[in-house]
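Start from the sequences and build out the full structure, keeping to the hints where you can.
The primary structure of each chain is shown beneath.
Number of protein chains: 2
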Amino acid sequence: MSAPVLVVGSVAIDAIETPFGKVDDALGGSANYFAAAASLLAPVGIVAVVGDDYDLGRLDFLRARGVDLEGIERKPGQSFFWAGRYAYDLNSRETLETRLGVFADFDPVIPERFRDAEWIFLGNIDPTLQLRVLEQVRAPKLVACDTMNYWIERTPDALVRLLAHVDVLLVNDAEARELSGDHNLVRAARWIRDRGPDLVVIKKGEHGAILFGPDATFFVPGFPLEDVFDPTGAGDAFAGGFLGYLAHRGSVTAHDLKRAMVYGSVMGSFAVEEFGLRRFLDLPASDIRARVLEFRTMTTFELDGSHA
Amino acid sequence: MSAPVLVVGSVAIDAIETPFGKVDDALGGSANYFAAAASLLAPVGIVAVVGDDYDLGRLDFLRARGVDLEGIERKPGQSFFWAGRYAYDLNSRETLETRLGVFADFDPVIPERFRDAEWIFLGNIDPTLQLRVLEQVRAPKLVACDTMNYWIERTPDALVRLLAHVDVLLVNDAEARELSGDHNLVRAARWIRDRGPDLVVIKKGEHGAILFGPDATFFVPGFPLEDVFDPTGAGDAFAGGFLGYLAHRGSVTAHDLKRAMVYGSVMGSFAVEEFGLRRFLDLPASDIRARVLEFRTMTTFELDGSHA
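Quick mapping for you: the protein sequence lines, in order, are chains E and Z. Numbering-wise, the first sequence is residues 1 to 308 according to this note's numbering. Numbering-wise, the second sequence is residues 1 to 308 according to this note's numbering.
For the record, the hints were derived by calculation from the structure and aren't laboratory data. A hint or two may mislead.
Which copy? The list can't say, so a pair holds if one copy fits it or any two copies do.
[What the hints assert, rightly or not] Only pairs whose alpha carbons sit at most 25 Å apart, straight line, appear in this in silico SDA-like list of lysine to any residue:
| hint | residue 1 | residue 2 |
| --- | --- | --- |
| 1 | Lys-22 | Val-186 |
| 2 | Lys-141 | Asp-304 |
| 3 | Lys-75 | Asp-24 |
| 4 | Lys-22 | Asp-173 |
Below, the structure written as structure tokens:
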């Protein structure tokens, strides 16, 4: 048995406060958000660690749609817990509490069943561990990777070593600026691409995301929502839509990459519409297709005769 | 003689400091930026006021491409002067000096030659004066309007009265939020549309702009530039591209509006590439067409078979 998409990251519990409400025990973590989105497009396997307090039954909705949870190791101790509060405009957040629990000693061992996975997402963990994951997979078709300011500041050398083995780096605009030391995103993307990744996706929250590649730049907006409930996990859901779509297609043409960006933004927009993962619990394919069509109407224009 | 596009606004001198350099006497003002962009697409007439210190010969490049300057009144006194300094990231600026000069008593009288203009842009001036302009034009096809926080805070009633007579309000995101009292841009746009304008364009600087209309929402990114020299006037150049394109087409279909947004963003991107108006002094049509094509590559995607 195998899954074409492998995600290595966190499976956590989040306590989230936004101006619109509060939840104490939302399903969280990068691997959960990624898998919830990607599994709507392609089969996914998760490698993660949880404590003996984690109710894996709550992930049955993932299992039901073909997510392979056998790589989630259960260890004595507490699960990764994060508590945060968002400001009224949802653009800034404050971490109230972080308990790493068993995640502090996470050392991902990729089960044999996943070693032939072709589409790899390295969720936001220590870049040394991310590199170790890559040493265990046999022939990945595409390696995508996330990181954060914590690793950029503390382990920049390990991060740059990792980049040489990554095909797509997905980061937000602040991270791209900090990593490259350049405020301009075009130059920041080139700095990153010079260190390995053929493709750089810079996520800008409600402002959308930009793909910088060898041939072209592609822009996808954020879906304009009247009610944003909870921005948590939007970046991982974006990555899930992006990589899930490529795995579904089985190819990485220029057209596939553009559509993958759209599926990324579509999944990111669903993620923020409800607390935690709720919007993904029961999300029909028709809703996804409808939103892709809305993106097309919202961004695609026809040239007039002057360009004939 | 007449021009199909009429702009009423400021013709000024700017002193601008950015991290990349400094100019003491750049051509500035909303009417100048608007006309510099719009005149590349359609004939434009300007109504404005300058002091006896203004060298109108510096606007010969506009005259040469058919801009009608006869509506620029010259009065004894100083011209409108603005001095400002941009922070290193170019996203925030500090006003160092504002001398209104003869602009303080600007009371626009529309010359007979412009009263049949069909495409009207009301640059950022007192909304009471903007309304007075509309009383003087006979049969506008489309009235577009800019404003700013100064008027939103000081003359909100006059502004709302004006909105009832406006077809397109172009504002930036902060202005839309302040005007509507709603942080969410989708709801802010609806608030504005409920007060008159059929169309609302919300400009987001480097993040692009969104058109909210009766049928659909359309998104255009900012052009990703490696070197942004001077953001001054980008919003007015956007308005010039937007309205100039519609005047060039002579129609306002859904397709025209989408392309007008692209021409707006194209002109905004040229505006910021050099100090002041310099980029517009000699901008060949082929450069404009090339950038429109780049926007298309950057935003347009094809659906895969799943939507057939």
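Could you check the structure against the hints above and give me the numbers of any it violates, in ascending order? 4
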